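Protein chains: 2
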Amino acid sequence: MADALFEKVALIGLGLIGSSLGHAMKRANIARHITGHARSKQTRQTALEIGFVDAVFENMTDAVSDADLVILCVPVGICGSICEQISPHLKQGAIVTDVGSVKVAVVAACARHIPSGVHFVPGHPMAGTEFSGPTSGFAELFDNRWCLLTPLLDGDPQATKKMTEYWQACGANVETMTAQHHDVVAAITSHLPHLIAFNIVGTADDLEDVAEREIIKYAAGGFRDFTRIAASDPTMWRDVFIHNKEAVLEVLGRFNEDLASLAKAIKEEDGYKLYEQFERTRHIRQNILDDERKK
Amino acid sequence: MADALFEKVALIGLGLIGSSLGHAMKRANIARHITGHARSKQTRQTALEIGFVDAVFENMTDAVSDADLVILCVPVGICGSICEQISPHLKQGAIVTDVGSVKVAVVAACARHIPSGVHFVPGHPMAGTEFSGPTSGFAELFDNRWCLLTPLLDGDPQATKKMTEYWQACGANVETMTAQHHDVVAAITSHLPHLIAFNIVGTADDLEDVAEREIIKYAAGGFRDFTRIAASDPTMWRDVFIHNKEAVLEVLGRFNEDLASLAKAIKEEDGYKLYEQFERTRHIRQNILDDERKK
Numbered sequence: 009m010a011d012a013l014f015e016k017v018a019l020i021g022l023g024l025i026g027s028s029l030g031h032a033m034k035r036a037n038i039a040r041h042i043t044g045h046a047r048s049k050q051t052r053q054t055a056l057e058i059g060f061v062d063a064v065f066e067n068m069t070d071a072v073s074d075a076d077l078v079i080l081c082v083p084v085g086i087c088g089s090i091c092e093q094i095s096p097h098l099k100q101g102a103i104v105t106d107v108g109s110v111k112v113a114v115v116a117a118c119a120r121h122i123p124s125g126v127h128f129v130p131g132h133p134m135a136g137t138e139f140s141g142p143t144s145g146f147a148e149l150f151d152n153r154w155c156l157l158t159p160l161l162d163g164d165p166q167a168t169k170k171m172t173e174y175w176q177a178c179g180a181n182v183e184t185m186t187a188q189h190h191d192v193v194a195a196i197t198s199h200l201p202h203l204i205a206f207n208i209v210g211t212a213d214d215l216e217d218v219a220e221r222e223i224i225k226y227a228a229g230g231f232r233d234f235t236r237i238a239a240s241d242p243t244m245w246r247d248v249f250i251h252n253k254e255a256v257l258e259v260l261g262r263f264n265e266d267l268a269s270l271a272k273a274i275k276e277e278d279g280y281k282l283y284e285q286f287e288r289t290r291h292i293r294q295n296i297l298d299d300e301r302k303k
Numbered sequence: 009m010a011d012a013l014f015e016k017v018a019l020i021g022l023g024l025i026g027s028s029l030g031h032a033m034k035r036a037n038i039a040r041h042i043t044g045h046a047r048s049k050q051t052r053q054t055a056l057e058i059g060f061v062d063a064v065f066e067n068m069t070d071a072v073s074d075a076d077l078v079i080l081c082v083p084v085g086i087c088g089s090i091c092e093q094i095s096p097h098l099k100q101g102a103i104v105t106d107v108g109s110v111k112v113a114v115v116a117a118c119a120r121h122i123p124s125g126v127h128f129v130p131g132h133p134m135a136g137t138e139f140s141g142p143t144s145g146f147a148e149l150f151d152n153r154w155c156l157l158t159p160l161l162d163g164d165p166q167a168t169k170k171m172t173e174y175w176q177a178c179g180a181n182v183e184t185m186t187a188q189h190h191d192v193v194a195a196i197t198s199h200l201p202h203l204i205a206f207n208i209v210g211t212a213d214d215l216e217d218v219a220e221r222e223i224i225k226y227a228a229g230g231f232r233d234f235t236r237i238a239a240s241d242p243t244m245w246r247d248v249f250i251h252n253k254e255a256v257l258e259v260l261g262r263f264n265e266d267l268a269s270l271a272k273a274i275k276e277e278d279g280y281k282l283y284e285q286f287e288r289t290r291h292i293r294q295n296i297l298d299d300e301r302k303k
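Note that the protein sequences, when read in sequence, are chains A and B. First residue of the first sequence: 9, per this note's numbering; consecutive thereafter. First residue of the second sequence: 9, per this note's numbering; consecutive thereafter.
Think of the hints as simulated: they come from the structure by calculation, not from any bench. Bear in mind that the values here come from a model prediction, so they are computed numbers and not experimental data. Any given hint could be a false lead.
The list treats identical chains as interchangeable, and a pair is accepted whether it falls inside one copy or across any two copies.
Here are the simulated lysine to aspartate or glutamate pairs, DMTMM-like style, with alpha carbons at most 25 Å apart [what the hints assert, rightly or not]:
| no. | residue 1 | residue 2 |
| --- | --- | --- |
| 1 | K225 | E300 |
| 2 | K275 | E216 |
| 3 | K302 | D70 |
| 4 | K253 | D299 |
Same shape as in the complex, but just chain A (with noise of 0.2 Å):
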């Protein structure tokens, strides 16, 4: 058996993100000995039975001992603190990890309290379900698709190189980037999408006009679309939308003024205006599915 990629991993949450990291792991050998914690005694219960992990720890801080990976795979708002408590607990050349779908305010948080001869990766794999939990994660997951990184000015380039060969052997393709730039992208390409689908499923169930099972048995006409991703996670989210504030209201600061401007037009029925505007989206389409043949 070729050797793994780590002696010994440790997640720090045990849901979608955790467990499916765990099963990639088991599945690629990438790690000898996968420790986990959560709060929960019947997550840590659940994920010991599954078995994506090979031993469950009540506190973190035994699960990060001797441990030369360290996964968190919490929501974004509580990594600093969870870097704090097991700060004085990791080993010497160790690396510390997130998944976070924020990476500034991460970084922000974080960084500070990692050790001297510790290296913090910050990455963010972007895959995900709309269901949570120990039970959702599959080895799957990050089959072909992006984890981005976001490394320190300052961080130790051997630390990012076996980064990005942890994340290949777990199926995904990898980029490295700076963790500014990384919440601009994240904010466009999904924290507003999901903003707007929480919104919208929201405005739909309020309306007094039609009736919830209305909505529900004729969703199919485009509002489906919006319900499965407005279906993720709540915790996860409103820590996302909280971290990434900035870049979130910026965009969606646009959005508005696009927004407003279309529904001008439909108030001077301008058919010119949006023809012209609803013919200009369709070629990006046409290049997401181009890209995807190309995988």
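Knowing the structure of chain A, use the given hints to seat chain B on it.
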């Protein structure tokens, strides 16, 4: 062979819906003879070659001559003028229907041109894809989808019954409701989602901080779901928004209020409010999935 439901059916417009209806009628032997009209000679030739119509005509008046059922499969903006043109050529006892996503405006534009002794039964099959044109149709498009009929108050119940049978034979489930109610239901379940999707794809395309290349590359984070519906036919959607202006602007107003309130919660980092909003939209997704499983 069982008797066909209609002797002769005329399809005015041979795009996605017209061609799919042709295929669906052939599949279930719904019509003994199917004629077709499209403005473009190329489209007419393609339709004939594919074979989802038995004959094509350059003049729509020839296509509808002697037809028992005439189906307008064209953008809603031109339904009225088509009715005006074909009116003198309609057979006594014939049924005229349409497939438009807007009903009040179509009824207003068409009903006055329908001669006495001819039955107008407005309809809206809630089915579509992002593709258009005579090659995009397929017999299964309407299978298990809803077709909403909005019979006129003084309409012939027998004609409505026959159109119900027609759509069921095409694979669809049929409901009837008033044109007014239809337009509000469609505004929230279909028109607003499309407007939002067209808009966000446009916003993304305009950002100067993120290259279009990156938007396409990282679309899987949520954005991709929007691009599918934003690739729908621009002419059709231009007409939908103009002709369902009031209902669309009404639900858009609600959407904007809700979005402003979410933006405020982000600005104020009001995690409680964000969580509450994101949590309440999950059950709608669950209900949609339960509904689909029952079908």
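Verification of the hints:
{"no.": "1", "hint": "K225 to E300", "verdict": "between (31 Å within a copy, 9 Å between copies)"}
{"no.": "2", "hint": "K275 to E216", "verdict": "within (23 Å within a copy, 29 Å between copies)"}
{"no.": "3", "hint": "K302 to D70", "verdict": "neither (44 Å within a copy, 47 Å between copies)"}
{"no.": "4", "hint": "K253 to D299", "verdict": "neither (30 Å within a copy, 36 Å between copies)"}
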